[in-house]
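Residue numbers (the working numbering), protein chains in the order written: chain B, 48 to 250; chain S, 48 to 250.
Treat each hint with caution, since some may be false.
For identical chains, the list gives no copy identity; a pair is met inside one copy or between any two copies.
[Unchecked claim] Taking lysine to any residue pairs in the SDA-like style, the calculated list, with each CA pair at most 20 angstroms apart, reads:
no., residue 1, residue 2
1, 131, 111
2, 187, 157
3, 187, 177
4, 187, 245
Calculated from the structure, these hints are not laboratory results.
Remember, it's a predicted structure, so these values are computed and weren't measured experimentally.
2 protein chains.
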Amino acid sequence: MRLPMHVGVIPDGNRRWAVNNGMTKEKGYDKGLSPGLELFKLCEKYKIKELTFYGFTADNTKRPKLQRLTFTKACVDAVEMLSKENADLLVIGNYESDMFPKKLLPYIQRKRFGTGGMKVNFLVNYDWKWDLSDMTKGIKSNDISRVDLIIRWGGRRRLSGFLPLQSVYSDFYIVDDYWPDFKTEHFEEALLWYQKQDITLGG
Amino acid sequence: MRLPMHVGVIPDGNRRWAVNNGMTKEKGYDKGLSPGLELFKLCEKYKIKELTFYGFTADNTKRPKLQRLTFTKACVDAVEMLSKENADLLVIGNYESDMFPKKLLPYIQRKRFGTGGMKVNFLVNYDWKWDLSDMTKGIKSNDISRVDLIIRWGGRRRLSGFLPLQSVYSDFYIVDDYWPDFKTEHFEEALLWYQKQDITLGG
């Protein structure tokens with residue numbers, strides 16, 4: 048089986064899931080935590096080398112305050128949860144902004160947790176303009192490699208600011224189900240689909 | 048009808064079309080010209096403000112020489128064809144490289160043809176690293192605006208180096224048919240699909 052080295056994940060549909068289930072929009076984010084851990088374990092099982100989660104971007108912080116606080120907390124919880132696993136963890140995003148949760152400051156340099164292993168990147172207040180803002184030193188996300196496969200939940204077909212430079216050759220797989228309805232099969236079907244892609248990197 | 052302001056086009060599948068039709072790979076590029084004009088006229092009809100074609104990228108020039116010469120010629124022909132229309136035309140790409148066809152040098156600054164109107168951008172030897180290579184002046188493609196809708200022919204689900212920064216919020220529509228089999232309905236179905244997308248730009 049030809050596997051992607053680096054999988055990107057856009058776990059979208061939390062708010063729509065909550066509304067469909069008779070909750071207020073922000074309740075959906077809580078439901079996104081355990082799928083995140085399930086997906087991490089699947090990537091371990093398939094020996095994926097690098098995994099990047101879309102937490103939130105600077106653009107997302109324009110949403111109503113209650114939503115913002117809720118998805119920020121969900122990201123803090125997710126990163127702390129992942130720090131209990133075996134991973135080389137990095138939180139990437141504009142940490143000089145008030146929108147960056149202080150609790151995640153210890154993670155802005157890559158750090159080994161447990162026995163290490165998979166590179167796990169988590170976008171928190173990520174902003175591609177910030178990423179490019181000091182090109183004399185290269186892009187700020189230079190520790191994150193090219194993404195081979197991006198899986199997006201929730202049916203939208205867009206990157207929404209996810210690592211534009213690492214995604215120039217990514218294959219893009221869409222799951223129509225919302226992220227809180229994550230199933231193992233979503234991931235496995237994405238891997239099977241990836242097998243059939245003809246990877247040439249333009250050449 | 049809510050229309051995309053800026054449509055990006057990845058006209059892929061020329062080589063696979065040629066092979067399926069019993070020709071050698073490079074014969075497909077010729078068949079891509081008239082669909083390009085048809086698509087341009089459709090965009091005029093729908094009053095699309097800006098249209099960007101993926102011609103080729105610097106990565107594409109690694110392919111066998113005969114292929115490279117053929118797709119380069121197809122791009123020259125396409126740009127010259129578009130210059131007979133009413134358009135504000137720009138060819139964007141690394142024009143300092145030998146891979147950039149000299150015949151297209153007159154187009155590396157935006158120029159009005161006919162009565163002007165639609166902004167038409169054509170990527171020729173485009174390279175995102177080149178685009179970012181002198182960030183003190185901003186990106187080199189700064190005259191090209193955010194892309195709302197990207198339509199890709201040929202079934203692949205990736206950007207392949209298409210304007211990464213302008214594409215951070217683009218909605219991505221895939222046509223499984225190969226580009227030489229272009230039909231009006233492909234474009235119109237993409238516009239209908241675009242209607243149903245919830246455009247928030249992250250907010």
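Hint by hint, here is what the structure shows:
no., hint, result
1, 131 to 111, "neither (31 angstroms within a copy, 49 angstroms between copies)"
2, 187 to 157, "within (13 angstroms within a copy, 32 angstroms between copies)"
3, 187 to 177, "both (8 angstroms within a copy, 18 angstroms between copies)"
4, 187 to 245, "neither (30 angstroms within a copy, 30 angstroms between copies)"
Going through the hint list in order, the structure does not satisfy hints 1 and 4.
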